[in-house]
Structures are given as C-alpha cells and as structure tokens.
Amino acid sequence: MHLRALIAALLVLACAAGGAVARQVRPAFTAAWSAEVGDLDATPAFSVPVATIGGRAVLALPSPGAIRLHDAETGAVIHTFPFTLPYDRMGFVGELLAVIGEERVGEERIGEERIGEERITVLDPVTGRTKWTRPLASADAPIRAYLSRTALTPTGIAWAGRDGLHGLDPASGRDTWTVPWPAGCPDRQLLESELAVIVQHCADGSLTLHGVDMRAGRLGWTRRVRGSHENLADVDVSATRLIIAREPGQITAFDPHGRPVARSRITYPDVGGPTVVGDAELTLLVRSVGGVREMTATRSRDGRVLWHRSLRPRTPPGTPEGYAGNAGTLTAGHAMGATATELAPRMIEVISLADGTRHVLPLPVGESASLVVGSTARDVLLYERHPRGDRVTAYTFRDGLLPSSPLAVPPDRWPDACTLLDPAALPGYVPVPGAVEHLGVRWPKPDVCEFVPPDDAGALVRVAVTWVAATDAEAARLARTTLAADKGALRLGEGAYLRSKVGSDDQRTFAWATGGRLLAEVRAGGDSALTRRAALAVAARLRGGPCSGTYPCLHG
Amino acid sequence: MPDSDDKGPGRLTKVLLWLGALLTAIVTAWLTDAFGLLLRPADLLDSGRPPILVTVLHGAGGEQGLAVAALPTAPPDRAAFLSGRFGDRAFGDVVAKLGGARVGRTIARVIFESQRDLVRVTDVRVKETAPEQPVVTAAFVEHPRQGGTDNPQLTVSLDAPNPYFTRVGAPGRPFFGPHSLPLKRGEQTELGLRIDARAHSHTFVLEVEYVEAGSGKQRTLTVKDPDGRPFRVTGAPAAATGYGTVYRNTGAGLRAVTGRAACELLNPERACTSAR
Numbered sequence: 001m002h003l004r005a006l007i008a009a010l011l012v013l014a015c016a017a018g019g020a021v022a023r024q025v026r027p028a029f030t031a032a033w034s035a036e037v038g039d040l041d042a043t044p045a046f047s048v049p050v051a052t053i054g055g056r057a058v059l060a061l062p063s064p065g066a067i068r069l070h071d072a073e074t075g076a077v078i079h080t081f082p083f084t085l086p087y088d089r090m091g092f093v094g095e096l097l098a099v100i101g102e103e104r105v106g107e108e109r110i111g112e113e114r115i116g117e118e119r120i121t122v123l124d125p126v127t128g129r130t131k132w133t134r135p136l137a138s139a140d141a142p143i144r145a146y147l148s149r150t151a152l153t154p155t156g157i158a159w160a161g162r163d164g165l166h167g168l169d170p171a172s173g174r175d176t177w178t179v180p181w182p183a184g185c186p187d188r189q190l191l192e193s194e195l196a197v198i199v200q201h202c203a204d205g206s207l208t209l210h211g212v213d214m215r216a217g218r219l220g221w222t223r224r225v226r227g228s229h230e231n232l233a234d235v236d237v238s239a240t241r242l243i244i245a246r247e248p249g250q251i252t253a254f255d256p257h258g259r260p261v262a263r264s265r266i267t268y269p270d271v272g273g274p275t276v277v278g279d280a281e282l283t284l285l286v287r288s289v290g291g292v293r294e295m296t297a298t299r300s301r302d303g304r305v306l307w308h309r310s311l312r313p314r315t316p317p318g319t320p321e322g323y324a325g326n327a328g329t330l331t332a333g334h335a336m337g338a339t340a341t342e343l344a345p346r347m348i349e350v351i352s353l354a355d356g357t358r359h360v361l362p363l364p365v366g367e368s369a370s371l372v373v374g375s376t377a378r379d380v381l382l383y384e385r386h387p388r389g390d391r392v393t394a395y396t397f398r399d400g401l402l403p404s405s406p407l408a409v410p411p412d413r414w415p416d417a418c419t420l421l422d423p424a425a426l427p428g429y430v431p432v433p434g435a436v437e438h439l440g441v442r443w444p445k446p447d448v449c450e451f452v453p454p455d456d457a458g459a460l461v462r463v464a465v466t467w468v469a470a471t472d473a474e475a476a477r478l479a480r481t482t483l484a485a486d487k488g489a490l491r492l493g494e495g496a497y498l499r500s501k502v503g504s505d506d507q508r509t510f511a512w513a514t515g516g517r518l519l520a521e522v523r524a525g526g527d528s529a530l531t532r533r534a535a536l537a538v539a540a541r542l543r544g545g546p547c548s549g550t551y552p553c554l555h556g
Numbered sequence: 001m002p003d004s005d006d007k008g009p010g011r012l013t014k015v016l017l018w019l020g021a022l023l024t025a026i027v028t029a030w031l032t033d034a035f036g037l038l039l040r041p042a043d044l045l046d047s048g049r050p051p052i053l054v055t056v057l058h059g060a061g062g063e064q065g066l067a068v069a070a071l072p073t074a075p076p077d078r079a080a081f082l083s084g085r086f087g088d089r090a091f092g093d094v095v096a097k098l099g100g101a102r103v104g105r106t107i108a109r110v111i112f113e114s115q116r117d118l119v120r121v122t123d124v125r126v127k128e129t130a131p132e133q134p135v136v137t138a139a140f141v142e143h144p145r146q147g148g149t150d151n152p153q154l155t156v157s158l159d160a161p162n163p164y165f166t167r168v169g170a171p172g173r174p175f176f177g178p179h180s181l182p183l184k185r186g187e188q189t190e191l192g193l194r195i196d197a198r199a200h201s202h203t204f205v206l207e208v209e210y211v212e213a214g215s216g217k218q219r220t221l222t223v224k225d226p227d228g229r230p231f232r233v234t235g236a237p238a239a240a241t242g243y244g245t246v247y248r249n250t251g252a253g254l255r256a257v258t259g260r261a262a263c264e265l266l267n268p269e270r271a272c273t274s275a276r
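Read top to bottom, the protein sequences are chains A and B.
If you count the first sequence from 1, position 309 lands on 309 in full-length UniProt numbering, and the numbers rise without skipping.
If you count the second sequence from 1, position 252 lands on 252 in full-length UniProt numbering, and the numbers rise without skipping.
Rather than coming from a laboratory, the hints here were simulated on the basis of the structure.
Backbone N, C-alpha and C define an ideal beta-carbon position, used for all residues, glycine too.
Each hint can be trusted.
Calculated lysine to any residue pairs in the SDA-like style (CA-CA distance at most 20 angstroms, straight line):
#	chain 1	residue 1	chain 2	residue 2
1	B	K184	A	R226
2	B	K184	A	N231
3	A	K131	A	G54
4	B	K184	A	I266
5	A	K445	B	P75
6	B	K184	A	G227
7	B	K184	A	Q250
8	B	K224	B	A90
9	B	K184	A	G249
10	A	K445	B	A90
Over the 12 angstroms line for every Cβ pair with chain A, so calculated as not near, a few chain B residues:
#	residue
11	V126
12	P131
13	S157
14	R173
15	R198
16	A240
17	G242
With the hints as extra help, turn the sequences into a complete structure.
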C-alpha cells in the first residue's frame with residue numbers, strides 16, 4: 001500500500017513537472033523564404049494557390065511579366081511562365097495551373113460597366129510549358145457586377161456565358177458542357193468550392209445554392225438559404241472550401257456535396273467571423289456569441305465536440321474574414337487570425353487544434369501593408385507591400401522552449417514611451433503613461449504616453465511605441481513596408497514621416513518616427529505643426545538624442 | 001483468544017479514500033474540461049441561460065455629441081477626455097465622472113433573444129433614476145464622424161409629462177399595449193430606440209417587461225447602457241454660445257474651437273457668419 005502511494009505521488013509530481021514544462025513551451029515564427037511579386041497592390045481577395053504535384057508541394061505567385069511556380073518548402077523557383085496580361089487570379093485544377101487575365105477593356109457605353117474580356121491560360125507545372133490559352137466570352141454573363149465570372153476548382157473549370165455555365169476540358173481548353181442558368185431569381189453569383197456553386201440572390205433576401213457537378217456537367221444539389229428584407233442571407237467559401245451560408249442569427253456550413261457539416265447560432269453583437277474550416281478529421285467553427293468570438297472544434301465524422309474556447313480580443317479581427325487565408329490551418333495544425341492593435345506588426349492568434357490552446361504571437365510585418373494570403377502544410381504566407389517590389393514571405397510556425405517572452409525583443413526591454421519625447425519640446429505638458437497590455441502580452445513599461453497640454457490652447461500629443469525590432473535589418477524592413485503602404489507620406493526629416501491620413505478637421509496630424517530599431521507613432525489632435533515638431537523630436541531622440549539618469553539612453 | 005484479523009485500514013479510512021478518489025476524479029475532469037467533451041455546441045450555448053437575453057449597443061452612427069457638467073482637472077482624466085475616443089472605456093469613465101450626457105437624443109439598439117420556446121415582450125419604458133436637472137452646458141464634445149445610420153423604430157420624448165414609446169413617425173399612440181414583441185427560441189429581434197430631451201437633463205434606465213409562455217409569469221428586467229451605467233441625455237442651451245467650451249473631435253483627439261468654427265460645429269446646417 002505504501003509502495004502504491006509512493007508511485008501515485010511520483011506520478012503526480014511527474015505530471016506537475018510536465019505541466020510546468022508545457023507552460024514554458026512557446027511557439028514562434030521564423031521566416032522560411034521570401035519572394036518578390038512586383039507591384040501587385042494586393043487586396044484581401046488575393047490568395048496564393050497551393051497544390052501537391054508529383055509528391056512535391058508547390059505554389060504559384062505572380063511576378064512582373066510572369067507567373068512563377070515555387071517549391072513550397074524552399075521558395076525556389078521551379079518554372080517561370082511568361083504572362084503579360086494584367087493578372088487577375090489563378091488556381092490549381094488537378095495538376096494544372098489556370099490563370100485568369102483581363103485581356104482588354106470592353107466597349108464603354110454610357111451607363112454601362114466597363115467590363116474587360118477575360119482570357120484563361122492553362123500552364124503545365126510538370127513540363128513548364130503553356131498548355132493552351134483562350135478568351136472567355138463572359139463579359140455579358142448575367143452575374144453580379146465586379147464578381148468573378150469564372151470558377152477555377154480542383155475538379156474543373158467553368159465560365160459564365162450569357163446562356164448558362166460552360167464547362168471546359170482542362171487538358172484541351174474545349175467547351176465540353178453547358179448548364180443553363182437555373183430559373184427563378186436572376187441575380188447571380190459564382191463561387192469556387194471543390195466544384196462551382198451557382199448562387200441565386202432572391203428579392204426576398206434569401207438565396208438558392210446550386211452545386212455543379214464539374215465532370216458530368218449538370219446541377220448536382222440545391223440548397224435554400226433563408227433571409228429577409230432586413231437581414232439578407234449571405235454565402236461564402238472558407239479557406240478549406242466549405243460553403244458557409246449565413247442566415248439571420250445562424251450559420252450553416254455545407255461540404256462540397258451540399259451536406260451540412262456544422263450549424264450554429266450567432267448572437268449579437270457581432271465581433272468577427274463566422275467561418276468554418278475543416279478536413280476529414282476536424283471541423284473548426286468560429287462565430288460570434290453575445291459579443292465574444294467562440295471557437296468550437298468537432299470531430300468531422302460524428303460532430304462530437306472536442307474542445308471549445310472563447311477567443312480574445314472581443315473586437316473584430318483586422319482581416320476582413322477574421323480567419324483569412326487559413327487553408328493551412330488544419331494541415332499546419334493551427335488556426336491563424338490577424339488583428340490590428342496599437343502595435344504596428346500584426347499579432348497573430350495561434351490556436352492548437354489539438355486542444356484549443358491559444359497563443360498570441362507577433363509577426364514583424366507592417367500594419368495595413370500586410371495581408372495573410374494563404375498557407376502551406378508548414379507555413380503561413382504573408383503579403384507585404386515594399387517600395388521596391390511587393391513580397392510574399394513564408395513564415396514557419398515552430399514549437400519550442402523559449403524561456404521568456406514570445407516577442408523577439410522582450411517587453412521589459414521596450415522603452416517607456418514617456419521617455420521618447422524631450423519635455424523641453426513641449427513646455428508645460430504633463431506626460432501620462434498609457435496602455436501596458438495587448439492581447440494578453442503585458443508590457444512592464446508604458447508603451448503609450450499622452451502628453452497633456454497645460455490648457456485648451458494646446459493639443460494632446462500621443463506617442464506610442466509600435467515596435468522594437470530585434471535587428472537593424474528588421475527595423476529597416478518594417479520602416480520600408482510602412483512607408484510603402486502610404487504613398488502620400490511626407491518626409492519631415494531624418495526618420496520622421498507625416499502620414500497622408502487626415503483628421504475630421506482635414507489636417508494631417510498622424511506621424512511616425514523610426515530610429516535605433518524602434519518605430520513610434522506620434523500625433524497631436526488638431527495641430528499639424530505640433531505633430532510635425534513632436535515627430536521630429538521623437539525621431540531625434542530615437543536616433544541618439546541626449547540621455548541622462550531620468551532620460552535613459554536608448555542605444556547601448 | 002482469537003487474534004484480531006483486522007490489520008488493514010478501517011471502514012472510515014476506506015470511505016474517506018473512496019470519497020477522495022471521487023473528488024479527485026471530479027476535479028481532474030473539471031480541470032481538463034472533460035465535461036465539455038460530453039456536450040454538443042447547442043448544449044454549450046443554451047445551458048443555464050435566463051429566459052431572455054438582452055444586449056445593448058450604441059447607435060451605429062449619426063450619434064449626438066456629448067455635454068459635460070465639468071471639465072477634467074487631473075492629468076490622467078484630461079488625457080482620457082482629450083483623446084475623444086467615444087468607444088473607449090477610459091473615456092466613458094471620465095465622461096461619467098464629469099456628468100456627461102448625450103445632447104438632444106440618444107440612440108440605443110436593444111437586441112432581444114429568447115432562451116425559451118416563446119417569450120413575449122409586453123412593454124419597454126423609461127425609468128428615471130434621478131430627478132431631472134437643468135441642461136448640461138460646461139462643454140460640448142463632438143461625436144466622431146461615422147458613416148453609419150440609425151433607423152430607430154420607436155421613440156420617446158422625455159419632455160412629455162408621461163413619456164412612452166411610440167412608433168417613429170406615428171406619435172400619440174403608445175406602441176406597447178396594443179402591440180408586443182413575440183420572440184421564439186433562438187430568434188433575435190433588434191429594437192432601435194430613440195430617446196429625446198430638450199428642456200432638461202435626464203438619467204434613466206430602460207425597464208423591459210416580458211411574459212414567458214407556458215408559465216404566464218410576468219417578469220421585468222432593467223437595461224442600462226452598454227457600459228453598464230444608466231443612460232444620460234440632456235437638452236441643449238438655447239444658443240450655441242451657451243456652452244463654456246466647444247471641442248471638435250478630430251479623430252486624433254479633441255481640440256477646443258471658438259467663434260465661427262464652434263458655431264458651424266453646433267449648427268452644421270446653418271450659415272455661421274459670426275461668433276454666434
């Protein structure tokens with residue numbers, strides 16, 4: 001009996017020790033590779049197609065005058081396909097790569113849309129040659145304006161014509177079938193899942209979805225999505241090609257065969273999502289419940305709940321979909337979401353699909369200039385705007401034992417924002433330290449400081465440390481990215497820039513400064529001259545201004 | 001004399017061991033969230049909820065500015081106030097401390113959700129929680145400009161001796177009484193409420209009366225503003241110059257304005273040629 005008790009005690013101690021070690025495990029991101037994509041000016045709709053061809057993971061990226069096929073692990077260019085048309089989008093169809101370009105702008109008539117003629121080009125990633133190319137007479141298709149008129153799906157290609165949806169043989173480019181447009185509501189949209197989905201928008205706010213069998217060339221299934229005049233129904237395709245139908249107060253996810261795989265209520269206030277991603281093993285549902293983002297993981301085969309978590313922040317994530325570009329979420333084993341904070345770089349939520357454990361990690365990428373544009377089995381892909389050609393960078397998520405903060409420069413080595421502005425520059429102002437926590441990461445020193453004027457004649461000045469980079473190169477890259485995102489920015493002096501953004505008084509009162517691996521935001525409400533002065537003072541301080549006991553040196 | 005065979009643990013010890021094991025199992029299950037594995041999403045969402053859930057949101061846009069009864073003096077309060085961030089908790093706390101109130105009207109979006117098969121909202125009324133006061137005039141703070149619009153369905157004027165909600169555009173007859181709001185399980189209904197005041201300042205909560213079908217019990221719940229405080233609304237002074245200070249909300253912070261700029265801010269649809 002004593003022996004048993006001893007074994008039990010040892011087990012408890014071992015578990016406790018294991019738990020302590022587990023708590024220290026902190027994941028991190030490292031850049032795997034980066035590729036230049038030219039002046040892409042990507043929107044949130046841009047996504048990087050990924051496929052496995054001949055056992056090798058590949059992805060396709062546009063580049064100036066070409067489409068490049070890259071090795072997904074190393075980023076090495078496998079093939080370069082010349083492509084001179086204005087690039088629209090692309091996708092893998094089986095083992096072929098289909099690219100849509102806009103050939104020319106159609107006839108412009110008064111009161112009509114300018115719709116360009118689409119040209120599809122199919123590339124062979126195995127031989128490195130163009131297989132075929134042809135125009136698509138889709139300009140007159142009865143599809144909602146500005147929405148896609150072509151569906152590039154893993155099982156086939158379809159394009160919208162005046163009379164119906166036409167199927168193409170991916171090998172030859174010849175039309176093989178035509179499905180007449182379903183009768184009824186004439187306002188249409190085309191979605192890309194594993195197959196093409198025709199969506200009919202009806203006047204009563206409801207939708208009718210028709211799944212198209214891409215091989216047989218016929219309508220396969222039909223689903224009705226309830227709506228009302230006040231709450232129009234909505235439909236989208238998630239990163240793992242599930243079809244997400246949003247009815248008033250409820251979402252339903254259908255698989256590509258039209259079978260419902262998840263259903264949940266959504267309650268106001270809406271703070272993000274909803275989305276559903278899944279594979280054969282796991283279905284992950286994110287939706288808003290009473291002002292909190294909730295995430296539930298269920299086993300795909302029987303719907304059993306595996307775990308359930310509330311997510312932070314309560315506010316909507318910065319990316320439009322909430323969980324944008326999540327194709328790799330399940331293959332990588334994690335869910336990603338980007339969120340805008342006081343910090344310039346994105347804080348990425350990482351949620352373990354095994355148990356819902358959540359980490360918030362920074363990716364040192366520049367604020368609105370960056371987008372999550374996809375993922376591979378290993379990496380999350382981020383698009384960044386750069387002054388000398390935009391880039392797509394693959395970041396690898398790694399588990400590891402890190403003794404301290406997940407930040408490259410731990411919070412305790414970030415400076416007090418109140419020390420970034422010489423009090424002599426603002427006579428009579430009183431510094432008030434501000435926020436010290438973002439998304440669960442605690443900063444021991446204030447990373448925001450508001451300088452309060454002595455009276456109403458002065459403007460409130462706000463200085464916020466937005467990033468401390470680990471290296472000079474990373475700081476320079478962030479500064480370049482920030483600058484590239486704002487073409488109208490004005491250089492005020494060494495390391496100080498005035499943003500083009502204006503306040504409601506039409507004054508430019510938002511600035512930023514960089515120096516000594518730091519980036520800082522500076523603004524003075526309603527006083528552009530003071531904003532400029534303060535930004536220059538902060539930049540001078542960051543670049544080695546005077547230091548003293550109360551005003552510590554920022555560099556070595 | 002026979003020897004005693006009872007060398008092992010006593011009966012009480014065994015019971016205590018069993019209880020200990022059971023307690024350990026329950027605590028372990030709780031710590032590892034094992035109970036969650038037995039529940040499906042619907043169970044997770046529905047368990048232990050009251051018959052009706054009420055969520056209050058600020059208006060989506062077109063909100064009125066604020067008036068405060070005093071100006072902040074402590075630097076931290078001044079920093080929070082001059083930030084002008086209406087949605088920020090620190091700003092809301094300081095404004096509440098300064099006796100802040102929406103000017104002219106306040107819009108509340110109230111979302112009802114039933115947790116029972118059928119719940120019927122039979123009345124929504126204003127309940128003043130403090131005596132009415134003179135209009136608030138120490139300072140006016142512009143609401144940050146937003147693109148949204150509000151389309152409230154019901155309105156009430158607190159200047160009336162016996163205020164009650166009527167349909168917007170159909171004054172005179174109370175909405176509740178002849179009408180009620182039936183809510184089916186899981187169904188959400190958003191009610192946009194506009195509360196006007198011209199002559200005084202008012203502090204109030206909303207009282208929601210509802211009946212749960214089946215039991216027939218009538219219940220009342222109290223609704224406060226999204227920050228959990230009573231709503232505040234005030235009339236405006238007769239002239240724009242009635243405010244001690246007028247602040248423009250630049251989006252980067254508040255800035256005091258005077259003369260024509262103040263006049264234009266307070267009367268956007270009227271030509272301001274002088275300091276009026």
